[in-house]
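*Asks:* Letter by letter, the chains look like this.
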Amino acid sequence: MNAKIDIALTLNGEAVTGRAEPRMLASDFIRDVLLMTGTHVGCEQGVCGACTIRFNGVVARSCLLFAAQLDGAVVETVESLGAPHDLNDIQKAFRKHHALQCGFCTPGFLMTVSEILQTLPLSTDHEIRDALSGNLCRCTGYEHIVRAVRDLVNQRDGVQA
Amino acid sequence: MNDAAIPKDTRSAPAPETSRPKYIGERVQRLEDPRLLTGTGRYTADIRFERMAHLAFVRSDQAHARILGIETDDAATFPGVIAVLTAQDFSEIPDLVAPSRMKNYHPTHCPVLARDTVRYVGEPVAVVVASDRYLAEDAANAIVVDYEPLGASSDPAAALLGDAVFLHDEVPGNLVLERSFATGDAGSAIAGAAHVVEGRFRLRRKSPMAMEPRAYVADYDRGRDALTLYGATQIPGVVRDELAKLLNIAGNRIRVIAPDVGGGFGGKGSLYPEEIIVAALARRLARPVKYVSDRLEDLTSTSQGFDEYVEARLAFDDDGMFIALDAEVIGDIGAYSIYPWTAALEPVQVASFLPGPYKTPHYRGRVRGVCTPKPPTGPYRGVGRPMAVFALERLVDMAAETLDMDRAEIRRRNLVQPDEFPHRIGSGIIWNHSGFTECLDAAVKAVDYSGFKERQLLALEQGRWIGLGIGSYAELTGIGSRIAVAPGMPINTGNETATVRIDATGAVIATFATASHGQSLETTLAQIVAEELGVRPQDVQIVQGDTGMTAHGTGTYASRSAVIGGGAAILTTRALLKKVKRVAGRLFDVDPDRVETGDGEIYVPGTNHRIGFDELARAVYSDMATLPLAARETLESQENYDPVLGTTTSSTHIAEVEIDPETLSIRLTRFVVAEDCGRMINPQVVDGQVHGGVVQGIGVALLEELEFDATGQLLSASLADYLIPTSAESPHIEVIHLETVLPDNPGGFRGMGEGGTIGAPAAIANAVADALAHLGIGISELPITPSKLHRLIAAKNLTKDRE
Ligand code: FES
Ligand code: FES
Numbered sequence: 000m001n002a003k004i005d006i007a008l009t010l011n012g013e014a015v016t017g018r019a020e021p022r023m024l025a026s027d028f029i030r031d032v033l034l035m036t037g038t039h040v041g042c043e044q045g046v047c048g049a050c051t052i053r054f055n056g057v058v059a060r061s062c063l064l065f066a067a068q069l070d071g072a073v074v075e076t077v078e079s080l081g082a083p084h085d086l087n088d089i090q091k092a093f094r095k096h097h098a099l100q101c102g103f104c105t106p107g108f109l110m111t112v113s114e115i116l117q118t119l120p121l122s123t124d125h126e127i128r129d130a131l132s133g134n135l136c137r138c139t140g141y142e143h144i145v146r147a148v149r150d151l152v153n154q155r156d157g158v159q160a
Numbered sequence: 000m001n002d003a004a005i006p007k008d009t010r011s012a013p014a015p016e017t018s019r020p021k022y023i024g025e026r027v028q029r030l031e032d033p034r035l036l037t038g039t040g041r042y043t044a045d046i047r048f049e050r051m052a053h054l055a056f057v058r059s060d061q062a063h064a065r066i067l068g069i070e071t072d073d074a075a076t077f078p079g080v081i082a083v084l085t086a087q088d089f090s091e092i093p094d095l096v097a098p099s100r101m102k103n104y105h106p107t108h109c110p111v112l113a114r115d116t117v118r119y120v121g122e123p124v125a126v127v128v129a130s131d132r133y134l135a136e137d138a139a140n141a142i143v144v145d146y147e148p149l150g151a152s153s154d155p156a157a158a159l160l161g162d163a164v165f166l167h168d169e170v171p172g173n174l175v176l177e178r179s180f181a182t183g184d185a186g187s188a189i190a191g192a193a194h195v196v197e198g199r200f201r202l203r204r205k206s207p208m209a210m211e212p213r214a215y216v217a218d219y220d221r222g223r224d225a226l227t228l229y230g231a232t233q234i235p236g237v238v239r240d241e242l243a244k245l246l247n248i249a250g251n252r253i254r255v256i257a258p259d260v261g262g263g264f265g266g267k268g269s270l271y272p273e274e275i276i277v278a279a280l281a282r283r284l285a286r287p288v289k290y291v292s293d294r295l296e297d298l299t300s301t302s303q304g305f306d307e308y309v310e311a312r313l314a315f316d317d318d319g320m321f322i323a324l325d326a327e328v329i330g331d332i333g334a335y336s337i338y339p340w341t342a343a344l345e346p347v348q349v350a351s352f353l354p355g356p357y358k359t360p361h362y363r364g365r366v367r368g369v370c371t372p373k374p375p376t377g378p379y380r381g382v383g384r385p386m387a388v389f390a391l392e393r394l395v396d397m398a399a400e401t402l403d404m405d406r407a408e409i410r411r412r413n414l415v416q417p418d419e420f421p422h423r424i425g426s427g428i429i430w431n432h433s434g435f436t437e438c439l440d441a442a443v444k445a446v447d448y449s450g451f452k453e454r455q456l457l458a459l460e461q462g463r464w465i466g467l468g469i470g471s472y473a474e475l476t477g478i479g480s481r482i483a484v485a486p487g488m489p490i491n492t493g494n495e496t497a498t499v500r501i502d503a504t505g506a507v508i509a510t511f512a513t514a515s516h517g518q519s520l521e522t523t524l525a526q527i528v529a530e531e532l533g534v535r536p537q538d539v540q541i542v543q544g545d546t547g548m549t550a551h552g553t554g555t556y557a558s559r560s561a562v563i564g565g566g567a568a569i570l571t572t573r574a575l576l577k578k579v580k581r582v583a584g585r586l587f588d589v590d591p592d593r594v595e596t597g598d599g600e601i602y603v604p605g606t607n608h609r610i611g612f613d614e615l616a617r618a619v620y621s622d623m624a625t626l627p628l629a630a631r632e633t634l635e636s637q638e639n640y641d642p643v644l645g646t647t648t649s650s651t652h653i654a655e656v657e658i659d660p661e662t663l664s665i666r667l668t669r670f671v672v673a674e675d676c677g678r679m680i681n682p683q684v685v686d687g688q689v690h691g692g693v694v695q696g697i698g699v700a701l702l703e704e705l706e707f708d709a710t711g712q713l714l715s716a717s718l719a720d721y722l723i724p725t726s727a728e729s730p731h732i733e734v735i736h737l738e739t740v741l742p743d744n745p746g747g748f749r750g751m752g753e754g755g756t757i758g759a760p761a762a763i764a765n766a767v768a769d770a771l772a773h774l775g776i777g778i779s780e781l782p783i784t785p786s787k788l789h790r791l792i793a794a795k796n797l798t799k800d801r802e
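For the record, the sequence lines run as chains R and L. If you read the first sequence in numbering that gives the first Met the number 0, its first letter stands for residue 0, the second for the next number, and so on. If you read the second sequence in numbering that gives the first Met the number 0, its first letter stands for residue 0, the second for the next number, and so on.
Only chain R is shown next, with the shape it has when bound in the complex:
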């Protein structure tokens, strides 16, 4: 049961391989084997959302996947977004609105926001709060995160704030 297997995937646009026991969690595999530590682990119970990644284009909790399930998959993590000196629009909005404090939950929020901006109308703040409710943040009280997302939705929809 503990024999390691080869896992090959596309991670943030790059073809990578790693070896892991099949039981290893995808979150641990990404962090400890592929050494992309931007994906955080806050609960390993699928509740907090800190480990949120894009798995074949769809957001998923990497702590609820096994490393073996990543074989052949296309995976994006927070590292696929902008770089420290070249933040993308979502990251810029988070910075502008002070939507992060300790930053531990932030990668998960950024991945969630990158999807909901593409999939949901988010016409009211209420809708934004609902769409974010699968990600926990203990620092911000969510107020500034909601403002950042509102700003991004306005940009997307060409609405003047």
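These aren't lab readings, by the way, just hints derived from the structure by calculation. Note that the structure is a prediction, hence the values are computed from the model and not measured. Some clues are possibly wrong.
Calculated pairs, DSSO-like style, for lysine-lysine (alpha carbon to alpha carbon, straight line, at most 27 Å) [to be verified]: (1) R:K95 / L:K787; (2) L:K21 / R:K91; (3) L:K452 / L:K21.
Listed next, with one range per pair, are the computed distances between beta-carbon atoms [claimed, not checked]: (4) R:E114 / L:P421: 50 to 58 Å; (5) R:D129 / L:D405: 36 to 44 Å; (6) L:D447 / R:Q154: 32 to 40 Å; (7) L:H773 / R:A67: 55 to 63 Å; (8) L:D592 / R:T123: 38 to 46 Å; (9) R:D129 / L:E460: 24 to 32 Å; (10) R:Q154 / L:D293: 48 to 56 Å; (11) R:A2 / L:D94: 42 to 50 Å; (12) R:N153 / L:D720: 55 to 63 Å; (13) R:N153 / L:D293: 51 to 59 Å; (14) R:P21 / L:A772: 58 to 66 Å; (15) R:L119 / L:D318: 51 to 59 Å.
Covered, in the sense of this in silico footprint (three residues per stretch, anywhere, with C-beta under 8 Å from a C-beta of chain L), are these stretches of chain R [what the hints assert, rightly or not]: (16) 18–25; (17) 68–74; (18) 84–95; (19) 102–115; (20) 142–151.
Every residue gets a Cβ at the ideal spot worked out from N, C-alpha and C, and that includes glycine.
Following the hints, position chain L with the ligands against chain R.
*Replies:* Chain L with the ligands in isolation, oriented as in the chain R frame:
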């Protein structure tokens, strides 16, 4: 954002008038953000070293039991296992004991691994070292511990009874501490008063629940005999000092670093057995050792918060003026008195802050801290004050109801008035001038308070239950050494030393012993240094959270860092600026007083003398021709700041709720905070702290409860059972900043990191009680949940039927 500006009276030392750009008070974008937004932060769990070994702990599944035996032989043969250790393998490490000079205090002895007795579910009993965490856990699962249950009461009142089982031989009657406060004669004042209201209030146990679970990595350099511990901690300085003692290592051979830390809220503010073991094993095995706790471990082994009963009576006259307050506080402190704070921290603060921001001539408060077989309690955001404010503000509303007086009006009458500061309350705390009445007025004005009654009646006619509640409070922040030393703890939390230097390239580095874990100190302290020195915030590198960089310091907690760290930043940078001007005056051949600085340039107004900090640095450090030896001053200053006492921060929170009569779900429909935190360094950061604090307060009021059964088993042991607020339950939060009178400290700052959690529970409890007023139901326990409401209403109906 609702930014009300109130005229200021600047008693504090203002920065000397210059044309230098201002950064204090600006919404400077955070300097820590680019790394935290891109996955390039470095949290403890991200740190790895070659040959790193991993730990898994075996934790007690019994609350109070004798350990009869631990079977480790099988586990030791598991693949990847390097060592399996129990208490006897750490016999050289002294027990953790939190001393205090407080009378009637009995410290407990907490071994790093349970020796022969376990005292709570989750207490570490054995540890496995393996080449990988999965393998370590496999082996840990194979360890069998044989227990003989000893029984104990998980209820603190029962634990005080004569026949209760003692948790510690050295704590007679399970009474860890007892302390009383008295001013005047509350007993006879209550007996003679026209009106008295009373209640028995209960706040349930919480978990600080930082999103990052606790984690530690130690790296031992065998050649240099140097140990480095990276840890998710708020108090690297305290950890270093105590580890040096416990492991018997010189302080200069051990360095504790708090890298990026994913929130703390008090939970990472104590010294833990796990970090001692990680450090000890790295040295013993001469290889790096890592331990990352999982969420279940965090819920059972990180210090917990609150958990007390308050029985209180408030006496007042026909005009609603408070006469006397009397309180009995019982704090359930859990199994051990936590290092370094002691078990006194939380419950004693309940009793000492209970009189609140009001003038109540007579006060008597007694607090007892009781040990029970549960995880130790420690600091949690607000410390004592959420309970104190909840109990008092409920009594205040009950008093208003008794007299049929307006709830804002009864507060207005009793609050310390602007011309009555400083004011000493019955527990001995002294309030300095802060916007007590101004905050109340501003909050009341913001919510259309006078129109609420009408809205409420209208709603009731439509079958909707809505309520409004007020929570007013004051707190002491940025506490200096005279107060910090009073409880007789083994550490000095009352001062901060800053070192600011300009290096040979002209770059500015400012070093502090604070340890930011979300507070934005890399930005706010840089704003202070930048403004005072005349550079840009992004040009200032803030170094903190590393004991290798400072002689002494404790860390970040208790709303201290902006006031004390900020004060040290100002004093130090001013001293450095003097040197800069002296050297520049020499270079320009002008009087140093004529030299100005700003945005990285040093110049003399009205002349063409203008150089950069790099040129100044070159003249001082590298270019041996320009300045004579005597003028080559080291461009570095170090100053200490100790506020001696503390500053008073005040606030009023107003909550509006709607309760669904069918499901009894409680929804927050509005939340307003008016607060006086003095001069703001960065208003956006202040707002963020208030929002985060309020939402934790919402958790306190409506959701969070660590539930234990009668034997001490935790029933809410996951994030699916222990609910914290999500964005869906959190309302939009309006914040009104008042700057009434600036406190007398270098920056005019007041601490504000905890306030949100202090005021919100009371305001929400009062709002829920208001929404249920037509049913005659009061709120005396938090969190209040739909199922508890259901029970309250059912009980009320039952008594009605009986009548
Ligand atoms: S770590 Fe995956 S949801 Fe919390
Ligand atoms: S910023 Fe700290 S948990 Fe969200």
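*Asks:* Now, for every hint given, state plainly whether the structure supports it.
*Replies:* Hints and how they fare:
Restraint check for R:K95 and L:K787: the C-alpha separation of about 41 Å exceeds 27 Å, so the hint is violated. With a CA separation close to 24 Å, the supplied pair L:K21 and R:K91 stays within the 27 Å bound. As the CA atoms of L:K452 and L:K21 are separated by approximately 45 Å, the hinted pair breaks the 27 Å bound. In this structure, R:E114 and L:P421 meet the distance hint of 50 to 58 Å, their C-beta atoms being roughly 55 Å apart.
Distance hint check for R:D129 and L:D405: the Cβ-Cβ separation is about 37 Å, which falls inside the suggested range of 36 to 44 Å. L:D447 and R:Q154 have their C-beta atoms about 33 Å apart, which keeps the hinted 32 to 40 Å range intact. Between L:H773 and R:A67, the C-beta spacing of about 59 Å keeps the proposed range 55 to 63 Å intact. In this structure the supplied range 38 to 46 Å is violated for L:D592 paired with R:T123, their Cβ-Cβ distance being about 58 Å.
The given range of 24 to 32 Å is respected by R:D129 and L:E460, whose C-beta atoms sit roughly 30 Å from each other. Here the CB-CB span from R:Q154 to L:D293 is close to 38 Å, at odds with the stated 48 to 56 Å. Checked against the given bound of 42 to 50 Å, the beta carbons of R:A2 and L:D94, roughly 44 Å apart, stay inside it. Checked against the hint of 55 to 63 Å, the C-beta distance between R:N153 and L:D720 comes to roughly 38 Å, which is inconsistent with it.
Taken as a hint, the range 51 to 59 Å is violated for the pair R:N153 and L:D293, whose Cβ atoms sit roughly 39 Å apart. Checked against the given bound of 58 to 66 Å, the beta carbons of R:P21 and L:A772, roughly 60 Å apart, stay inside it. A C-beta distance of roughly 56 Å is found between R:L119 and L:D318, which places it inside the suggested range of 51 to 59 Å. With 3 residues having a Cβ less than 8 Å from any Cβ of chain L, the region 18–25 of chain R passes the three-residue criterion, so the hint holds.
Using a Cβ-Cβ cut-off of 8 Å, 0 residues of the region 68–74 of chain R lie near chain L, which falls short of the minimum of three, so the contact claim is violated. Residues of the region 84–95 of chain R lying with their CB closer than 8 Å to a CB of chain L number 6, which satisfies the three-residue condition for coverage. Taking a C-beta to C-beta cut-off of 8 Å, the region 102–115 of chain R contributes 6 residues in contact with chain L, enough for the three needed, and the coverage statement holds. Counting residues of the region 142–151 of chain R whose beta-carbon sits less than 8 Å from any beta-carbon of chain L gives 4, enough to reach three: the coverage restraint holds.
Hint violations for this structure: numbers 1, 3, 8, 10, 12, 13, 17, all remaining hints satisfied.
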